[in-house]
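Student: Here is what each chain is made of, one letter per residue.
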Amino acid sequence: MTEFLFNWLVNVPAFAVPFALAALGLILSERAGVLNLGAEGFMLAGALAGIGVTINGGPPLAALAGAMLAGMAMGLVFAFLTASLRINHVIAGLALVFFADALTRYIASYAGWTNQAIKGLEPIFLGQDLVVWATPLICLGCVLLLNRTRFGLALRAVGENPAAADAAGIDVTTMRILAILLGTALIGLAGGYLTVAVSKIWTGSVVGGRGWIAIALVIFARWHPWRAVLGAILFGCIEALIPRIAATGADVPRYFLQMPPYLATLAVMIWSATRSSGGGAQPAALGLHHIREDRD
Amino acid sequence: MSSGNATEQITPLEGAGIRSETAPAPSRHKLRLVPLLEVRQNVPETQRLACYAASLAVAAAISFALLALSGVAPSDVMREIATVAFSSPRALGSVLAQTAPLVMAGLATAIAFRSNFWNIGLEGQMILGAIFASVVAIYDVGPEPARLVLMAVAAMAGGMLWVSVPAMLKQRLGVSEVITTLLLNYVAFNLLLHLLYGPWKDPVSSFPHTEQYEAFERLPLLGWLNLTWTLPLAALLAGLLWWLLSYSRIGYLLDMTSSNREMARAVGVPVAGLTVAAILASGAVGGLTGFSIAAGVEFRMTQDFFAGYLFSGVLIAFLGRNHPAGVVIVAFFMAILLLVGQSLQIFFQVPSALVQLVQAIFIICVAASEFFLTYRMHWRAAT
Amino acid sequence: MMPNALRLRNVSKSFGTFKALDNVDFSVRAGEVHALLGENGAGKSTLMNIACGLYAPDEGHVEVDGEAVSMSDARDAANKGIGMVHQHFKLVPAFTVLENIVLFNPGRQAAEIASQAQDLAGKMGFDLDLSRRTGSLGIAEQQRLEILKVLVAGARFVILDEPTAVLSDQEARALMTIIRGLAASGSAVIMVTHKLHEALGHSDRITVMRGGKRIAETSPGEMDAAKLTTLIVGEQIVETPAPSAVIGKTRVRLSSVRVPGRSGRKGLEGIDFRVRGGEIYGVAGVAGNGQNELADVLMGTAEQTGGSIEFEGHGDISTLPPGGRRKAGFAAIPVDRYRHGLAGRRSVAENYAVNGVLSGSYGGWLRFNRGQARKQTQKAIQAFDVQGVRGTGMRAGLLSGGNAQKLVIAREFETMPEVVLAHSPSRGLDVRAGAAVHERLRAARDSGAAVILISEDLDEIFLLSDRIGVLSGGRMVAEFEAPANRNDVGKAMISHE
Numbered sequence: 001m002t003e004f005l006f007n008w009l010v011n012v013p014a015f016a017v018p019f020a021l022a023a024l025g026l027i028l029s030e031r032a033g034v035l036n037l038g039a040e041g042f043m044l045a046g047a048l049a050g051i052g053v054t055i056n057g058g059p060p061l062a063a064l065a066g067a068m069l070a071g072m073a074m075g076l077v078f079a080f081l082t083a084s085l086r087i088n089h090v091i092a093g094l095a096l097v098f099f100a101d102a103l104t105r106y107i108a109s110y111a112g113w114t115n116q117a118i119k120g121l122e123p124i125f126l127g128q129d130l131v132v133w134a135t136p137l138i139c140l141g142c143v144l145l146l147n148r149t150r151f152g153l154a155l156r157a158v159g160e161n162p163a164a165a166d167a168a169g170i171d172v173t174t175m176r177i178l179a180i181l182l183g184t185a186l187i188g189l190a191g192g193y194l195t196v197a198v199s200k201i202w203t204g205s206v207v208g209g210r211g212w213i214a215i216a217l218v219i220f221a222r223w224h225p226w227r228a229v230l231g232a233i234l235f236g237c238i239e240a241l242i243p244r245i246a247a248t249g250a251d252v253p254r255y256f257l258q259m260p261p262y263l264a265t266l267a268v269m270i271w272s273a274t275r276s277s278g279g280g281a282q283p284a285a286l287g288l289h290h291i292r293e294d295r296d
Numbered sequence: 001m002s003s004g005n006a007t008e009q010i011t012p013l014e015g016a017g018i019r020s021e022t023a024p025a026p027s028r029h030k031l032r033l034v035p036l037l038e039v040r041q042n043v044p045e046t047q048r049l050a051c052y053a054a055s056l057a058v059a060a061a062i063s064f065a066l067l068a069l070s071g072v073a074p075s076d077v078m079r080e081i082a083t084v085a086f087s088s089p090r091a092l093g094s095v096l097a098q099t100a101p102l103v104m105a106g107l108a109t110a111i112a113f114r115s116n117f118w119n120i121g122l123e124g125q126m127i128l129g130a131i132f133a134s135v136v137a138i139y140d141v142g143p144e145p146a147r148l149v150l151m152a153v154a155a156m157a158g159g160m161l162w163v164s165v166p167a168m169l170k171q172r173l174g175v176s177e178v179i180t181t182l183l184l185n186y187v188a189f190n191l192l193l194h195l196l197y198g199p200w201k202d203p204v205s206s207f208p209h210t211e212q213y214e215a216f217e218r219l220p221l222l223g224w225l226n227l228t229w230t231l232p233l234a235a236l237l238a239g240l241l242w243w244l245l246s247y248s249r250i251g252y253l254l255d256m257t258s259s260n261r262e263m264a265r266a267v268g269v270p271v272a273g274l275t276v277a278a279i280l281a282s283g284a285v286g287g288l289t290g291f292s293i294a295a296g297v298e299f300r301m302t303q304d305f306f307a308g309y310l311f312s313g314v315l316i317a318f319l320g321r322n323h324p325a326g327v328v329i330v331a332f333f334m335a336i337l338l339l340v341g342q343s344l345q346i347f348f349q350v351p352s353a354l355v356q357l358v359q360a361i362f363i364i365c366v367a368a369s370e371f372f373l374t375y376r377m378h379w380r381a382a383t
Numbered sequence: 001m002m003p004n005a006l007r008l009r010n011v012s013k014s015f016g017t018f019k020a021l022d023n024v025d026f027s028v029r030a031g032e033v034h035a036l037l038g039e040n041g042a043g044k045s046t047l048m049n050i051a052c053g054l055y056a057p058d059e060g061h062v063e064v065d066g067e068a069v070s071m072s073d074a075r076d077a078a079n080k081g082i083g084m085v086h087q088h089f090k091l092v093p094a095f096t097v098l099e100n101i102v103l104f105n106p107g108r109q110a111a112e113i114a115s116q117a118q119d120l121a122g123k124m125g126f127d128l129d130l131s132r133r134t135g136s137l138g139i140a141e142q143q144r145l146e147i148l149k150v151l152v153a154g155a156r157f158v159i160l161d162e163p164t165a166v167l168s169d170q171e172a173r174a175l176m177t178i179i180r181g182l183a184a185s186g187s188a189v190i191m192v193t194h195k196l197h198e199a200l201g202h203s204d205r206i207t208v209m210r211g212g213k214r215i216a217e218t219s220p221g222e223m224d225a226a227k228l229t230t231l232i233v234g235e236q237i238v239e240t241p242a243p244s245a246v247i248g249k250t251r252v253r254l255s256s257v258r259v260p261g262r263s264g265r266k267g268l269e270g271i272d273f274r275v276r277g278g279e280i281y282g283v284a285g286v287a288g289n290g291q292n293e294l295a296d297v298l299m300g301t302a303e304q305t306g307g308s309i310e311f312e313g314h315g316d317i318s319t320l321p322p323g324g325r326r327k328a329g330f331a332a333i334p335v336d337r338y339r340h341g342l343a344g345r346r347s348v349a350e351n352y353a354v355n356g357v358l359s360g361s362y363g364g365w366l367r368f369n370r371g372q373a374r375k376q377t378q379k380a381i382q383a384f385d386v387q388g389v390r391g392t393g394m395r396a397g398l399l400s401g402g403n404a405q406k407l408v409i410a411r412e413f414e415t416m417p418e419v420v421l422a423h424s425p426s427r428g429l430d431v432r433a434g435a436a437v438h439e440r441l442r443a444a445r446d447s448g449a450a451v452i453l454i455s456e457d458l459d460e461i462f463l464l465s466d467r468i469g470v471l472s473g474g475r476m477v478a479e480f481e482a483p484a485n486r487n488d489v490g491k492a493m494i495s496h497e
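Chains as they are written, first to last, in my numbering: chain A, 1 to 296; chain B, 1 to 383; chain C, 1 to 497.
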């Protein structure tokens, strides 16, 4: 039993980190008022870049940096659509996921990166790798950035009341582009971590809906970084449990074992919605476009 | 202009020339151009069409460029299109056969989108529909002559069941349907795998698909171009929905509800009932789509009979402007695209993801073109 | 050149084909209060948005202290000493008071800003807690925060856009004292308003605009209300009260009606009143005291947790859905015609036809006779004088405010209603359109309907009402027979704070 517990808990961080990083990235862009449904796509871009860099001889850290850049490159497309062209955020997010899904599979099969195992990121301390140890710091960085800097103040103002931010001389479009780029860098990193540290192989389904779960996590965390990390740990626990249960040889149908993360996400969303005064935490201008156009 | 006693009356007496004399342009400021956006009030239909056509042209150009990069020259593509779609009645037949389920997928998505419900769960609803239909087929429910109808009804029930959870969560608790419908795809997929690798594994071949449906459990042949009854079924659905959405009270009330829900509610439109009905209809058509592929193409339930229909459905609904007629037209071209993609995959070894990549490019270009319909942009010197 | 002054020189601005400003000249000097008067759509706000850098003029330019300046946003304007207090406050409700001030003053230490804000607030007599959440402040306090915000940013030219529109009479008087104090301390104040008495009583200069042009520049000493009205409207439109001739029996009776409050706001805490046929019952009150909840509970779109609403001949209709109430003879002119009254993206005909569709005039569930609907709409448009309709297929969102309101009224009065709810029916309309709306309400009353008029504009309440109820803190705290004393009503409005 203790061995089961140990094997389970030691695996939790690796499963929790992608959720945590993706949720933090989402929070950064959503606090600026950008409804970001593209998480799955940015993670895919990061995941493929991580594999690509590694296969071409890059060290794991370079692979992770590549993943961030790939996330940001996708983020740039998303930012152009939502912040500059002011396309409906839902349509833009979905289009981005479709696009990233197709593009990554296209590139992977062209370059022949599919099903090539890599060595990947190694543990550095207590059986955990660098990114695991860095994640709390990244979260702290997000908290400080949002709450302790002028940049964060401006970013939150854009997400709460773009007209007020505009009247205070803040360029709403630029601010949102920056928030998306920062956020997608983290989401890309989350995807890169999946391939470089967890699966160590590319398949088209490597992200497997984790981007969508991260979006639900953000709602669950009411757009607060620390709570998002806690939620990520919860989901890490659930996911880490699956291989452990399978390893015990218990007679649970194999494919039913794959369902808990998705069902838990549904449960979490229902729970978030039923709590009283649920509206207070969401950035007031989430998903809304701003245009200076109130003629009298 | 009216008068007041000692009031200074202003008349627009200064011309442009005088103004520039009295107000020399500030010279220490560098001329800097800033974009200014203005919301368009009214866009004529012709301009809408032109903008739409232009975005399609841009998307096509990008797609051709991409293909060229993959080693397929535009002339090759054109030749493939001609061969695949129009070289023979048989070719046209396979295009139409592919069009039918796409029409259904597009309709399912369009009904939901038109009611402001982002149903991204088409694949889950297709799977549930096919599972329900397969229950009827595998366990021999009902008399043989009625079997096919029972399967269709069961499929609609399955699709409705699967969409009813997100619908209820949205209506009651305001939970975002984008995420719930999408997550349920994964749940449905795992359920499907469980069945296909478990209780429903083909006893004959031991492959992970159901046993073949009996002859009377398949959609019969039409006797023309090798087509099955899927095509008339899709056409019937499209016609029915066209009527309902455009010429009936239901469609009118649905349009009013989706353009201003609060107003519709205040004037007595039963908004909740209408919206739920539309969402359930979307699920039912989704289930029927799954059924039509299982019973009309594969004659069994396979692991991936639904694959790609979610994206295609969204694209068809979006490009077809959520209108049944638009859906039919776009679905036809989408069928050609899919078949050309398959053929290019065989003859030019392009990756299978190419078709979806082209689809995504079309969505992005058309979505981006909305900008030019919504806003007018000026460049102006910042002075 | 004039020292220490802000001047807009020969400014023009168009939106599409609409000329919002046509060669307008305007200036303000240190130490004076300059009132800018005009109707909605006269171009006041556009002019001020140019003055504070939010819009760039098509022609003309802005001068500060005699020098032409270039501004591309509010930041530039603030650097030039220009600060604007918008009618819709530009505050972030989720931020603290201090955070809102800091946001507006980048590049300076928060501590320094806090001490300066504290200082200025003391001088102005503001009692503001810098650590409070802005959303929890009252309207008048938020306005003071806005003023403080621009003063901390170093504004010498302070523009206030319709500053008293959202205030009670008492709060408005307090604001006028603040404004005089600002001018006395050397600031130049521009007060945009459409209230004559504010311009006449509290300004040093008055500029009148109409149709995007400057019509006159004058001083309060040379003007009186009648002359000013003529300048503003271009003709004499004076509405006079016309009390009801025949008052019938009770048509609506609300007893202890309760509605839960939402998002921190109070709801209705037991409302009692009755309205008889042939009378207009005015509901006065400061905004946010339950007006929206009262309107919603009457329309049937609010969650009613107690009490009863009785319609004559229909009993308690509390549980009837909106459609059922309308069948019982209820009609509503909701507060925001574009949000609650019309579906802007749908056509004029579709918006008009909704009653007929629901009652089956245009076919059953499987039919919608568009041709018939268009014909009926065409008739109604003429009967109710809805202007600017290029065709019944035109989107309703393209109608001007007054015509949109007329379309709503045409639909609501299609069959003569027995109970009418009108919520701020002339808000945002020019004098002429407002008078036309009032005429319709009086006509409904005179034909025997019970009319409930909810309005935050006391002038409108006094002009129309046969009886006045005062709504405060979610309760009806007082009731007056017309003609009532304005001071008494005003006192009752703030009695429940």
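Hints may contain errors.
What the hints assert, rightly or not - Derived contacts from chain B toward chain C, CB cut-off under 10 angstroms, selection only: (1) 140; (2) 141; (3) 202; (4) 204; (5) 206.
Claimed, not checked - Residues of chain B placed beyond 12 angstroms of chain C at every Cβ, according to the derived structure: (6) 88; (7) 225; (8) 266; (9) 272.
Simulated from the structure, these hints should not be mistaken for laboratory data.
Glycine is no exception: its CB is placed at the ideal position from the N, C-alpha and C atoms.
Student: Which numbered hints are broken by the structure, listed smallest first?
Tutor: 1, 2, 3, 4, 5, 8 and 9
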